[in-house]
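K.L.:
Order-wise, the sequence lines are chains A and B. With the UniProt record's numbering applied, the first sequence corresponds to residues 1 to 361, in that order. With the UniProt record's numbering applied, the second sequence corresponds to residues 1 to 234, in that order.
Calculated from the structure, these hints are not laboratory results. All the pointers check out, no bait thrown in.
Straight-line alpha carbon distances no greater than 27 Å define the calculated DSS-like cross-link-like pairs of lysine-lysine that follow:
| no. | chain 1 | residue 1 | chain 2 | residue 2 |
| --- | --- | --- | --- | --- |
| 1 | B | Lys144 | A | Lys77 |
| 2 | A | Lys25 | A | Lys77 |
| 3 | B | Lys140 | A | Lys75 |
| 4 | B | Lys140 | A | Lys113 |
| 5 | A | Lys355 | A | Lys235 |
| 6 | B | Lys48 | A | Lys9 |
| 7 | A | Lys75 | A | Lys21 |
| 8 | A | Lys72 | B | Lys40 |
| 9 | A | Lys102 | B | Lys144 |
| 10 | A | Lys290 | A | Lys262 |
| 11 | A | Lys77 | B | Lys140 |
| 12 | B | Lys48 | A | Lys10 |
| 13 | A | Lys56 | A | Lys75 |
| 14 | B | Lys43 | A | Lys77 |
| 15 | A | Lys102 | B | Lys140 |
| 16 | A | Lys207 | A | Lys10 |
| 17 | A | Lys110 | B | Lys140 |
| 18 | B | Lys49 | A | Lys13 |
| 19 | A | Lys9 | B | Lys49 |
| 20 | A | Lys235 | A | Lys258 |
| 21 | A | Lys113 | B | Lys144 |
| 22 | A | Lys113 | A | Lys75 |
| 23 | A | Lys21 | A | Lys65 |
| 24 | A | Lys118 | A | Lys130 |
| 25 | A | Lys25 | A | Lys167 |
| 26 | A | Lys268 | A | Lys251 |
| 27 | B | Lys49 | A | Lys42 |
| 28 | A | Lys65 | A | Lys77 |
| 29 | A | Lys110 | B | Lys144 |
| 30 | B | Lys43 | A | Lys72 |
| 31 | A | Lys75 | B | Lys144 |
| 32 | A | Lys215 | A | Lys25 |
| 33 | A | Lys355 | A | Lys336 |
| 34 | A | Lys10 | A | Lys21 |
| 35 | A | Lys126 | B | Lys140 |
| 36 | A | Lys75 | A | Lys110 |
| 37 | B | Lys49 | A | Lys72 |
| 38 | A | Lys10 | A | Lys68 |
These figures come from a predicted structure and were not determined experimentally.
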Amino acid sequence: MAIDMLIRKKWDKFSLDINFKSQSKRIGILGASGCGKSMTLKSIAGIETPDSGHIKIDGNILFDKETKTNLKTQKRKVGYLFQNYALFPTMTVEQNIAAGLKGNKQDIHKRVKEMIQKFGLAGLEKHYPKQLSGGQQQRTALARIMAYEPEVILLDEPFSALDLYLKDRLEQEVLQMLESYMGTVIMVSHNRDEIYRFSEELFVMDKGRIVASGKTEELFQNPKNKTAAILTGCKNFSSIIYIDDHTVEAKEWGICLKTKRKVPKDAKWIGYRAHDFIPVWGTRGENMLKFQLESSARLPFEQNYYIAAENRIGNSTEKNGEKDKTMICWFVQREKMEEIEKKGFPDYLWIDEGKILFLNE
Amino acid sequence: MDEVTEILKNLDWSPLYISLKTGVAATVISFFLGIFAAGKAVKASPGKKAVLDGILTLPMVMPPTVAGFFLLLLFSRRRPVGAFLFEEFGFKVVQTWIGCVIAAIVISFPLMYRNARAAMEQIDVNLVYAGRTLGMSETKIFWKIVIPTAGPGIASGTILTFARAMGEYGATSMLAGNIQGKTGTIAQKIAMVIQDGDYVTAGIWVSVVVLIAFVIIFLMNFISGRKMKNIGRW
Chain A
1 MAIDMLIRKK WDKFSLDINF KSQSKRIGIL GASGCGKSMT LKSIAGIETP
51 DSGHIKIDGN ILFDKETKTN LKTQKRKVGY LFQNYALFPT MTVEQNIAAG
101 LKGNKQDIHK RVKEMIQKFG LAGLEKHYPK QLSGGQQQRT ALARIMAYEP
151 EVILLDEPFS ALDLYLKDRL EQEVLQMLES YMGTVIMVSH NRDEIYRFSE
201 ELFVMDKGRI VASGKTEELF QNPKNKTAAI LTGCKNFSSI IYIDDHTVEA
251 KEWGICLKTK RKVPKDAKWI GYRAHDFIPV WGTRGENMLK FQLESSARLP
301 FEQNYYIAAE NRIGNSTEKN GEKDKTMICW FVQREKMEEI EKKGFPDYLW
351 IDEGKILFLN E
Chain B
1 MDEVTEILKN LDWSPLYISL KTGVAATVIS FFLGIFAAGK AVKASPGKKA
51 VLDGILTLPM VMPPTVAGFF LLLLFSRRRP VGAFLFEEFG FKVVQTWIGC
101 VIAAIVISFP LMYRNARAAM EQIDVNLVYA GRTLGMSETK IFWKIVIPTA
151 GPGIASGTIL TFARAMGEYG ATSMLAGNIQ GKTGTIAQKI AMVIQDGDYV
201 TAGIWVSVVV LIAFVIIFLM NFISGRKMKN IGRW
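Chain B on its own, in the form it takes in the complex (with noise of 0.2 Å):
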């Protein structure tokens, strides 16, 4: 026990901050582009959606470091994408927080996207009609009716959203690097440690994540329990 309290008034929080930080902004980025593409792709016709869908998907049924490997081909400096944004805007991307931030959204989005697609594929689509014959814009009826309306499947995508960015690993490993109090998140300091046998250090950060987990599961169904209030339960 003494060993505990001796690592944990040590222990370097960098981690947790840097991996709240990627999530909450990459979740952040990732829920607006979801809920946009969802919002594209049901008024799609069915083979423009299957295309859209395919591309969107596919970061999410990848190994990560395939993404991870793509992310590098655009994004490294010794490539033309990643050679312009740095001596054009001094943009860096690869062993920095802003390649933890990117490799995240890539990685988490298409939760957002299947998530808010699924609810947005639920809803009577009486409803988008009604809205239309009751002369409300398109923009109006998709914020104050579909988006209110798919709530619940929203809130739901959003959460896991955060986890799925919380917790990337394999392509932030790559983009980013672990650089420590950077881009040193939860997921990578843990394996860093188990490495060095640090099964104690290691059993503090995977309580956090366990703990982190349960909240997002428990404000899960939380949400959509109080929000489906108005829709009608099974």
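Here chain A stands alone, though its shape is the one from the complex (with noise of 0.2 Å):
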């Protein structure tokens, strides 16, 4: 099991340049709307031609520009999962997953039947698409592409169009369901927990290029470079000046930071997660944040905070109506808010000096 691409397109305005391998199985692309990797998905199903470059899957060569192979996306076996799942409008729900299938009409029969049975549709045959509701929509797609078969499956932001409380239950579901497939998927999405609970390899990507790539847990750990941080859900950041291979300045922040790890030479900014703030009240002790509070918004499950820093109390970090970049986000889960509620507000916020992250451009 492998893929192997590397594709260049240019656009008026865009331009893709895409170069991935990878082994796994379940491979995940992450990036904000209009970075290109729904173009990279349809590059992959021949629904978009690259200008250049190959896309080899399980060694079987899906395009390369140089021997002039471009098969149809009749002959790829992709399954692709759209996001608004196109189901035929006109076809029952026997007939959308039929759509695809070859052979002699028992045969067809039964494996529609099987189909129906797995994805949980069985008394839906005979519903057309629109009296289904999303979560059905989705099963039906996705029973329509296993029913074919194919080598890879593509999802492309399979989880955008749902109902969010619906999210969290179909996400399992479709996960559950595309265990016993055994080929490559690969999903695109701008949705960090969807791409998180998915991916075993991940891909970030960002104006058409990927910008970091590795295991998705170790991605999100340590994401290497500012884009893929702020992809993966990280809110604060300052650039650094080094002083030693143990201390940086944050600028933003008006802070030195000591560390145990060693700087690497080439990090230019820090991150660090807006969970990862630790409250402390009393004395200040080392890379500890004074702060001052600038706004709060209560949600079910949290409280977030917007804090200015120590150097920047007394500016306003308002600015023609926008808020200041350097505006530090902290966000308390709602079982440590007991706690705040019985001390009151903290003197400082430490910063654990373990979760910092040092990123380059």
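Take the two lone chains, each set in its own frame, and fit them into one complex as the hints suggest.
P.N.:
Set out below in structure tokens:
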């Protein structure tokens, strides 16, 4: 199992330049909307044709500019789960699942029945897509793909069209249904939670390029660069001045930070996740941030505080009605709120040096 | 009232048959040509599409007599193409029923083409892509996905095409003429009897046309309303 692709394509205002190889069976591509991740999937499926490069899956050449190979979409054996599922509106659930199947009627019927059972669609055989709920539509689309036995499955933002309250459950369902599938699955999404749950290996894309890659968990722990850090959900960044191997000054936060780790030479930024601040009452120690609360927001399961660092206190953090980029986000989960409610607002926030992310551009 | 019954008794119904026959024949041909052209147009590049579209829509925006002029240029037996068709195949267009059909096709085809194209363009392009990733051939995608999904638009296009083909006057009168029992359509009959000041006969034919038009509009709403069921409504 392996995918090896190198694709380049230029449009008027956008260019795609993707180069990746992976042995994983569950590959995630994380990127903001418009970064070219759907284009990448469409190139694999043969819907878009790259200007140059190659696409190989498990040794099969799907596209190679040099040898002028460009397999038709029909011959690529890829399953594509579209964001809107693309169910055929004039066909029933049964007919949709059978749409890509060839062979004698009995075999097709058997296969369709099997899929209907497997994907929990019994009783809906004669329904049209419009009569199905979002989750049922998604299961039908997956059943249609699986019935066709593709060699690769591509999931294009598979959960973004679903209601939030359905999402977690359906995500779990889909992951379970995909478990039995032996081939490679590539999922693109802008949602870090989806990607984190799904993928073994992760590629982070920005402006048509891959900016970071690695094992998903490792990449979330150490995103290596700022773009990847933002996409994996890191909220706080400060540019740094290198002082010595174990000390940096965080310019925007007005604080010197000591680290046990050696500061990487190429680090230009540090990042710190909003959930990782530890409140401190009493005396100030090393790596503690003095701050002032600017605003806060109450969410169902957590409290979000927006704070200004010491050196910003007094200067308005609002410029032209826009929040200053140096505003620090501090998110506290519900169960930890009690302590703050009991002891009052903390005097300092302690930055755990082990959780500091060193990032380059 | 007596006058009307008297006229009805002796009325030559041939214009109705000729009109219906012409309408059906022209619609069948326009239907396939229109869908074929629309299928090509939606896949063409923007430049090609503009040119193709211009040529195919021209008969709709020109006065029908202009189309009649070009058709005469082409099919008149005094012109090369017309002469060739007649001498080689004995094929006569001018002053024949075939002329009626050809005039009706040329005039009504753009309606079919434009409606089919608009309906096809509104289809979610992902449906086509989905068909391809599922290994369906382009032909199968076209007939099993595109046409049914574009169904309501194509159906109303077909009915409009039929209505236009049946009511064709300008190009028909030039190419096919108004030969009683042969090329004399309802539209031409009305014009002819009005010239004679026979308002009663004209009125009868007008009633027939209004009735047919009404049935057509009803059919159109019925079909599009029924087909829309699976596609969602506003």
